[in-house]
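Trainee: Go ahead and model the full structure; you've got the sequences and the hints to work with.
Which chain is which? The protein sequence lines are R and H, in order. According to this note's numbering, the first sequence is numbered sequentially starting from 1. According to this note's numbering, the second sequence is numbered sequentially starting from 301.
Treat the hints as calculated values from the structure; they're not laboratory data. Heads up, a few of these hints could be off.
Coverage of chain H stretches by chain R, computed from C-beta distances (three or more under 8 angstroms per stretch; other residues unrestricted) [stated by the list, open to error]:
| # | segment |
| --- | --- |
| 1 | 310–323 |
| 2 | 394–400 |
Residues from chain H shown here face chain R by an in silico Cβ test under 8 angstroms; the list is partial [said to hold, decoys possible]:
| # | residue |
| --- | --- |
| 3 | 301 |
| 4 | 303 |
| 5 | 529 |
| 6 | 572 |
Glycine included, every Cβ here is placed at the ideal spot set by N, Cα and C.
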Amino acid sequence: MPLWLLFGGLLLALPHLVYPVLALDLLLWGLFAAALDLLLGYVGLLSFGHAAFWGTSAYTSALLAKAGLPFPLAVLGGVGVTALLATAIGFLSIRRQGIYFAMVTLAFAQMVYYLANELRGLTGGENGVQGVPRTLWGLDLSSPLAFYYAALPLVALGFFLAWRTVRSPFGHVLIAVREEEARAQALGYPTARFKLLAFLLSAGLSALAGGLYALNHGFVALEVVHWSTSGLVVMMTILGGIGTLWGGLLGAAVVLLLRDWLSTWTDAWGVVTGVIFTLAVLGFRQGIWGSLRQWRRRRA
Amino acid sequence: MEPSVLFLHVFNGLVNGAFYALLSLGLAVIFGMLRVVNFMHGALYMLGAFGAYILLQEAGIGFGLALLLAPLLVGLLGMLLERLLLRHLYALDPLYNLLLTFGLTLFLQDGMRLFFGIQGQPYGTPGWLRGAVDLGVVVYPTYRLFVIGFSLLVCLLVWYALERTRLGMVVRAATERPDLTRALGINVDRWVTPVFGFGAALAALAGVLAAPMRNVSPLMGADLIITVFAVVVIGGLGSILGSVVAGFLVGVVTALGALFYPALANTLVFILMALVLLLRPAGLFGNPEAS
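Mentor: Structure representation (structure tokens):
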């Protein structure tokens, strides 16, 4: 219980430790990473196209907010539209596994990228969507600090859903599918349907985070649907630890804080990202959370 | 519609297809031998183009020689990266190799951007390939015809080397059953590095061919590689024939599609991929049982 109190206190204090926009970004990318991990760590499917869901929701939520919707409803709309997209992409992608799955999701995400670039009337093409308001029935959310606390319940709900999923019987079937799909099938589980459901859930949580991300910044750039965004969240997940769910938060924090710090004196961000990625894959595959867990177990 | 317009688009499609085919062929060679989906391939293509550019600017070496030298240099770099980094991950899930090459892509791309900026560098059409040829149905730039012909020739040679020679037999055997091949007294591991270098060189070759047509820029391979991944899924990953046929096929089909629905120009290849996944998940030339 004290651990929970500590965590809760940290969440409340976070926007005073780093500036509020970055504070919320940490949580949102962390949720995005946890959503990806739900698929990668628990079903064994590496999606390289999650920017499609994060980005589609970012655009939809931003446009709905501009149309005057209060922000939770705008984000809900973003999640809804993304769920439709994810159903189509998931249905086709889960036909392949492993690296094939990664390539297929990546390709579909690139299709969404080109569409977003093409539909300039809606998305503004390379200019993006600008001047996105955030309203909530009379509450003044124009300050980033106010918005942080307004968005916090939604983020917490997202994390709770992810945590509940992996601890549920459903989550255990997913692990069974990861470990040995044929045997899970033999036990009578319709594994394809489980995989599709996990895919949808993962996309939905990514959409929740992506929608809030658009509102947190007040604008949406084409970058949200680019493959580098998909890669960035994969990196956060690996750095945090695959199959740990909470590791994503740590991974996101390390990457974003590092970027924030580095960007003040160099524009070599991509080079640094590449090196971190390479080193994490070569020698640190358990990630931060995974290593901590192993260290604790060894001591226990 | 005038027939010449139609032919113009078919030829433009063949040019795009030439690049797709060379790149997906390189991916197929590397995947076949090493089980590595080389995300770096787009970056190696970019390095090939920069290789040609630097050779010209710094040493005055023209296009013809660059076509040989740049792939050689990039091939050597590929071999170095394979020995130093990729090698450590073969025992693990192939996903880790994909991730590693993804990291290297970011490094190579942004590294080049630090040196050369985001702006594209112009690379003139080589003198002996300037002008246009009257083909009867359409007048077409000589250089683009050269790209189609050269790419076809290289694809044919690689196919012949792999499918019809003793060397190819060894390489194919090593890709199918490394344990059995080893048992026959063939040193499989000796072939891994050169094969990776060869695949990298193919990507660089495409890059040199692209230099006079497209601006030489650090991001030139970034989005192309994803399209080539779609081509690979369509053709069937690891299939030599599939990579070449799907490359040219996708080039022509998307060019014709874009003629009728220009808005779909960039997304058509992914729609094709979706169709193939629906009807034949292993790809047009893939082996359904292999995956």
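Trainee: Provide an ascending list of the numbers of those earlier hints which the structure does not satisfy.
Mentor: Numbers 1, 3, 4 and 6, in rising order.
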